[in-house]
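J.: So the chains spell out like this:
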Amino acid sequence: MIFYHFGKYILLLKSVFRRPEKASIYKREIFKEMVDIGLGSLGIISIISIFIGAVTTVQTAFQLVSDLIPKSIIGSITRDSTILELSPTICSLVLAGKIGSSIASQIGTMRVTEQIDALEIMGINAPGYLILPKLLAGVMMIPLLVIIAIFLSITGGYFAGVASGAVTAAEYIQGLTTDFIPFTVTVAMVKAVIFAFIITTVSSYQGFYTDGGALEVGQSSTKAVVISCISILVADYIIAQLLL
Amino acid sequence: MYFNLGSRLYNSTTLTMITVENIHKSFGDNQVLKGISAEFKPGTTSLIIGGSGSGKTTLLKCMVGLHEPTEGIVSYNDRNFTAMSFDERIAIRKEIGMLFQSSALFDSMTVEENIMFPLNMFTEQAKKEKLERVNFVLERVNLAGKNKLYPSELSGGMMKRVGIARAIAMNPKYLFCDEPNSGLDPKTSILIDELIQEITEEYDITTIIVTHDMNSVMGIGEYILFLHQGQKWWEGSKEEITSTNNQELNDFVFATKLMETLLKK
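Protein chains in written order, with the numbering used here: chain A, 1314 to 1557; chain B, 170 to 434.
Please keep in mind that the hints were generated in silico from the structure rather than gathered at the bench.
Hints should not be assumed to be uniformly reliable.
The list that follows gives simulated cross-link-like pairs (lysine-lysine, BS3-like), each with its CA atoms no further than 27 Å apart [said to hold, decoys possible]:
1) B:K315 / B:K297
2) A:K1340 / B:K317
3) A:K1335 / B:K299
4) A:K1345 / B:K317
5) B:K263 / B:K230
6) A:K1411 / A:K1340
7) B:K297 / A:K1345
8) B:K297 / B:K317
9) B:K315 / B:K296
10) B:K317 / A:K1335
11) A:K1321 / A:K1536
12) B:K296 / A:K1345
13) A:K1345 / A:K1335
14) A:K1327 / A:K1340
15) A:K1340 / B:K297
16) B:K263 / A:K1327
Looking at chain A on its own, in the form it has when it is part of the complex:
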């Protein structure tokens, strides 16, 4: 069963990358999706990132009870865990819920109300027209959201650390700037791009092959989120193994 769906998913992707009927219309759709995915998710990503950074700093400080370990290490731990794991993965899991369910229900509703059939009758490559703009917009906007999330998370950690007295501003900044490995940012970006691909295509697949009515649209939406989240976690492990 899993191989049947994987094969169908690959065939759908093949249709997605077929030559667009009219580039200008696709371009307009890509910009529209970029606004939906990027701006539409900025609020939730900002709130989550600030709190993730704040909690990471406070909890790291709580665990560092030894006087032998410098407090500046709190800044380093917050930085590395934020860049390598928390921002790309947690943000992508949240986006799988927000964007993934939206894509699956949007495409699924179009399927059950025959709008996809209408596109196909007109001679339009429905997978290309519906999925490609979402995929490209996701691959462009989700890494940007992750970069913003990294900055906000580190900033959140700074304010939480200083406000709680767990670490001084100078110690936190010293920690941030000590032993920084720029490659961790590359890893974060690779993760963001791959997670964006997973979220947009898995959700589109679930929506595109919805069969039935309103109930099935809801089920597709749920499946899209669950499968995207599991795929993100599996991909996260594989990327970590390969790149680190």
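Starting from the known structure of chain A, arrange chain B on it as the hints suggest.
T.: For chain B alone, coordinates are given in the frame of chain A:
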């Protein structure tokens, strides 16, 4: 010989016909269509009728390529549609207009954007020209001035008419209608039927309608194909349909009290 019909020039030797030959379609073990063959002539309103589950919508979907037949051939003017690849089919699909049971209007677009969508995708016309075409087809379906409304702001009958307007926007040679009267009151149903027939005659389109509405059958059915249990059970005209001895067809035609009473009179 060329003659002008509406906005399209026709060559009398290229008038278009749809033929289906020995169409079979199965979904798993469920065999829905069992060897259907028929010819649909240009400028004619053809009706595919039958009870629920008889395979009429499946046949229509096989004809337009939304389903692939398990066996058999669908040809548009001697062009084997079934054997064509996705890209090869695009040329024929541009000649097809379809009205869906649910109207299938894009709900994120206004009436104007819905009708303009195929024009945007497949023509290089200036916006003014496209707008003129939109206004022309809207006027043709008696919805002039409704350009800026969204599908959610339209009644069922208006949605069907916008569906027809979108279907004819690209000057199709073939018009397919899946249950155009479903969910409409009898008066609006008649208006939709008349509109489809007028458009068919005016532009010499090959029109195929799937329906189980006997009002449509008696009103506009020039060629009628009756399906029963996935097979072609009867074919003929509306004049012949009331005088046939075919038991299953009679059961279908005279299922309503109204038809029974009319026949007695």
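J.: Please go over all the hints and tell whether each is borne out by the structure.
T.: Structure-based check of each hint:
{"no.": "1", "hint": "B:K315 / B:K297", "in the structure": "holds, 17 Å"}
{"no.": "2", "hint": "A:K1340 / B:K317", "in the structure": "holds, 24 Å"}
{"no.": "3", "hint": "A:K1335 / B:K299", "in the structure": "holds, 16 Å"}
{"no.": "4", "hint": "A:K1345 / B:K317", "in the structure": "holds, 20 Å"}
{"no.": "5", "hint": "B:K263 / B:K230", "in the structure": "holds, 16 Å"}
{"no.": "6", "hint": "A:K1411 / A:K1340", "in the structure": "holds, 23 Å"}
{"no.": "7", "hint": "B:K297 / A:K1345", "in the structure": "holds, 24 Å"}
{"no.": "8", "hint": "B:K297 / B:K317", "in the structure": "holds, 16 Å"}
{"no.": "9", "hint": "B:K315 / B:K296", "in the structure": "holds, 18 Å"}
{"no.": "10", "hint": "B:K317 / A:K1335", "in the structure": "holds, 24 Å"}
{"no.": "11", "hint": "A:K1321 / A:K1536", "in the structure": "holds, 16 Å"}
{"no.": "12", "hint": "B:K296 / A:K1345", "in the structure": "holds, 20 Å"}
{"no.": "13", "hint": "A:K1345 / A:K1335", "in the structure": "holds, 16 Å"}
{"no.": "14", "hint": "A:K1327 / A:K1340", "in the structure": "holds, 20 Å"}
{"no.": "15", "hint": "A:K1340 / B:K297", "in the structure": "holds, 22 Å"}
{"no.": "16", "hint": "B:K263 / A:K1327", "in the structure": "holds, 23 Å"}
Hint check: no violations occur; every hint is consistent with the structure.
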